[in-house]
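As you go down the protein sequences, you meet chains A and B in turn. So for the first sequence, the numbering used here puts the first residue at 1; every next one is plus one. So for the second sequence, the numbering used here puts the first residue at 229; every next one is plus one.
Keep in mind the hints are simulated off the structure, nothing from the lab. The beta-carbon is built from N, C-alpha and C at its ideal position, and this holds for glycine as well. Incorrect hints may appear among the rest.
[What the hints assert, rightly or not] DEER-style ranges, computed between Cβ atoms: (1) B:277 with A:109: 51 to 59 Å; (2) B:250 with A:132: 27 to 35 Å; (3) B:283 with A:207: 31 to 39 Å; (4) B:249 with A:172: 18 to 26 Å; (5) A:168 with B:283: 33 to 41 Å; (6) B:279 with A:224: 35 to 43 Å; (7) A:224 with B:264: 55 to 63 Å; (8) B:269 with A:74: 32 to 40 Å; (9) B:293 with A:17: 35 to 43 Å; (10) B:240 with A:107: 48 to 56 Å; (11) A:107 with B:285: 53 to 61 Å; (12) A:224 with B:280: 57 to 65 Å.
[Claimed, not checked] Pairs of lysine-lysine residues, derived as BS3-like cross-links and limited to a Cα-Cα distance of at most 25 Å, are as follows: (13) B:240 with B:293; (14) A:147 with B:293; (15) B:293 with B:270; (16) B:293 with A:21; (17) B:240 with B:270.
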Amino acid sequence: MVFPGTWSDRDCAHAVLDVLKEPVRYIDHREQNVDGLELVILPGGFSYGDYLRCGAIARFAPVMEAVADFANRGGLVLGICNGFQILQEARLLPGALLRNASCEFRCEWVHLRVEQSNSAFTLDCRPGQVLQIPISHGEGNFFADPKTLDTLERNGQVVFRYCAPDGRVTADSNPNGSLRNIAGISNARGNVVGMMPHPERACEALLGGDDGLLVFRSAIHALARVAV
Amino acid sequence: MRYRAEVFVTLKPVVNDPAGLTIRGGLHALGFDSVTEVRAGKYLVLTLDEPDATEARARLDAMAKQLLANAVIEDYRIELEPVGEPVVAGDASA
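If we strip away everything but chain B, and leave its shape as in the complex, we get (with noise of 0.2 Å):
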């Protein structure tokens, strides 16, 4: 099956995030007095070929753990959705 994951990558509560503060300000100054904290992060869209759901997410885990994500600093969601069979290669009908 493939699939499309979402991974949402964003700095871990305790960590300062200058950038989003920086926007916050920003929102501040056009007068969008309502916004009390702005967290800035990375958003990720995958596609890939896996057997299951199951699988899809232990992959997805293990990218996240290894690349995606720095877990000294960071925190990761990931969303995904089946997409439809995977493409054959060669296939001209395709």
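One chain only, chain A, in its complex shape (with noise of 0.2 Å):
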């Protein structure tokens, strides 16, 4: 999904098409309808210039409407940091987020427990596994009120913390003051999947790291299974 200011559409390109050999089209934000695609990616950036809030304009686009049906029907969605606040946005995800507790723009490489692997992008997970992978943002400050916030740890919506290289989830992994340490949520159903790091830049050696494969090739197994 490409808007207005999108600037990790290529990255998550070259991970899906060059790195694990899958067909990809760009879906530019005037589009009417997402018809025959079997994954949604809206990638990071500044869409519409991050104006009035992070993905509040985007969440209007024309395309948005057939992005919310795909997801209703079940499509497999992955909102990644612009991409995550679109789909909050949207209210396709819960919860909001919130400029950075330091009010920095953090840029790093950052450790991830999965939390489940349930959700159509931790299939290849197991449940407490570290991943790193890096993120790249001013506003990933993950902020839900606590009735919602015990909601998604009650249906184990909770896909990815923020936490220490050996696993423990601790104040000081904690990059951008996220509640709960939370880097991604998934919806009830799993198929749509918001976070903050980004995997696309994790996903060859030469680069620093490959963990962030795990998502997607997560996500092209959730699909065979669906096929068969």
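Hints given; two lone chains; assemble the complex.
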């Protein structure tokens, strides 16, 4: 998906097409449908300049109605960074992402603990597995009211938490002030996932690590499972 | 009637406001020790043509709910004042 100001679309396409050898189509924000697609990725960036709020304008782009239909039919949707913010503004995922507690833009490698392997994007992971994936954002401070947080925990919708290299969830390993160290969540059905870290930038050892491949490979396996 | 609306969007009291905290820290560094709290927000000014104030307020309320504020984290307040008759399109004397 490409909105004005999206910046990580080519990184996502590189990971899926060049690394995983799966076909890719760029979807323009003015398109009316997403027919024929098996997976929709909303990449990171600064859609519409982040004006008003991150993702607030993008959620009204013509194509977003088709994306909502696709998600509600069970289609796989991954929102990364700004894409996560857009999915929340579109109410396809709960909560909101506030300015980082430090007020700084954070661009660094972090450790993520996989909290559950039932989502379409963590099937290939085991619960408790620690992944190394970079972040790059100024507004990734996950917020939801206490009731929503408890619902997310109870339903197993917390997918990733920021953690120490050994998997312990600590205040020091939280790069942005996210409540309960939450780095990624899913909808109740598990077909829509939003995450602040960038798996598409961790798909080749040459570039520092390839743990991000697990996220994309999981989706491919989820699709194969549906097709059988 | 043409109206001028001011929309104030602020983070809900329960939501942490790192920008506000940083600004407070700056004020304290300058010696303004009396400041106990700063909340940062957004200030929007809209000009709109509506039949009356009730309708204008209803429309602004809908705008705030759909786009201007995010109800998950933000509150909003609207102030409205009439600023005269709308300019008629094509009226050279206006």
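Hint check:
1. Here the CB-CB span from residue 277 (chain B) to residue 109 (chain A) is close to 53 Å, well matched to the stated 51 to 59 Å.
2. Separated by about 30 Å at the C-beta atoms, residue 250 (chain B) and residue 132 (chain A) satisfy the suggested range of 27 to 35 Å.
3. Between residue 283 (chain B) and residue 207 (chain A) the beta carbons are some 56 Å apart, a value that contradicts the proposed interval 31 to 39 Å.
4. Look at residue 249 (chain B) against residue 172 (chain A): about 20 Å separates their beta carbons, and that is inside 18 to 26 Å.
5. The beta-carbon spacing between residue 168 (chain A) and residue 283 (chain B), approximately 57 Å, falls outside the hinted interval of 33 to 41 Å.
6. At about 58 Å, the beta-carbon gap between residue 279 (chain B) and residue 224 (chain A) misses the expected band of 35 to 43 Å.
7. Separated by about 58 Å at the C-beta atoms, residue 224 (chain A) and residue 264 (chain B) satisfy the suggested range of 55 to 63 Å.
8. At roughly 39 Å, the beta-carbon separation of residue 269 (chain B) and residue 74 (chain A) lies within the given 32 to 40 Å, and the hint holds.
9. Range check, residue 293 (chain B) to residue 17 (chain A): Cβ separation about 40 Å, and the 35 to 43 Å hint holds.
10. Under the hint 48 to 56 Å, the C-beta atoms of residue 240 (chain B) and residue 107 (chain A), about 29 Å apart, miss the expected range.
11. Checked against the hint of 53 to 61 Å, the C-beta distance between residue 107 (chain A) and residue 285 (chain B) comes to roughly 44 Å, which is inconsistent with it.
12. Remark: the range hint 57 to 65 Å for residue 224 (chain A) to residue 280 (chain B) is upheld by a beta-carbon distance near 60 Å.
13. As the CA atoms of residue 240 (chain B) and residue 293 (chain B) are separated by approximately 14 Å, the hinted pair is consistent with the 25 Å bound.
14. Our distance criterion of 25 Å between C-alpha atoms is met by residue 147 (chain A) and residue 293 (chain B), whose separation comes to about 21 Å.
15. A distance of roughly 15 Å separates the Cα atoms of residue 293 (chain B) and residue 270 (chain B); the hinted pair therefore holds under the 25 Å criterion.
16. As the CA atoms of residue 293 (chain B) and residue 21 (chain A) are separated by approximately 43 Å, the hinted pair breaks the 25 Å bound.
17. For the hint pairing residue 240 (chain B) with residue 270 (chain B), the CA-to-CA distance comes to about 13 Å; that is within 25 Å, so the pair holds.
Of the hints listed earlier, those the structure fails to meet are numbers 3, 5, 6, 10, 11, 16, in rising order.
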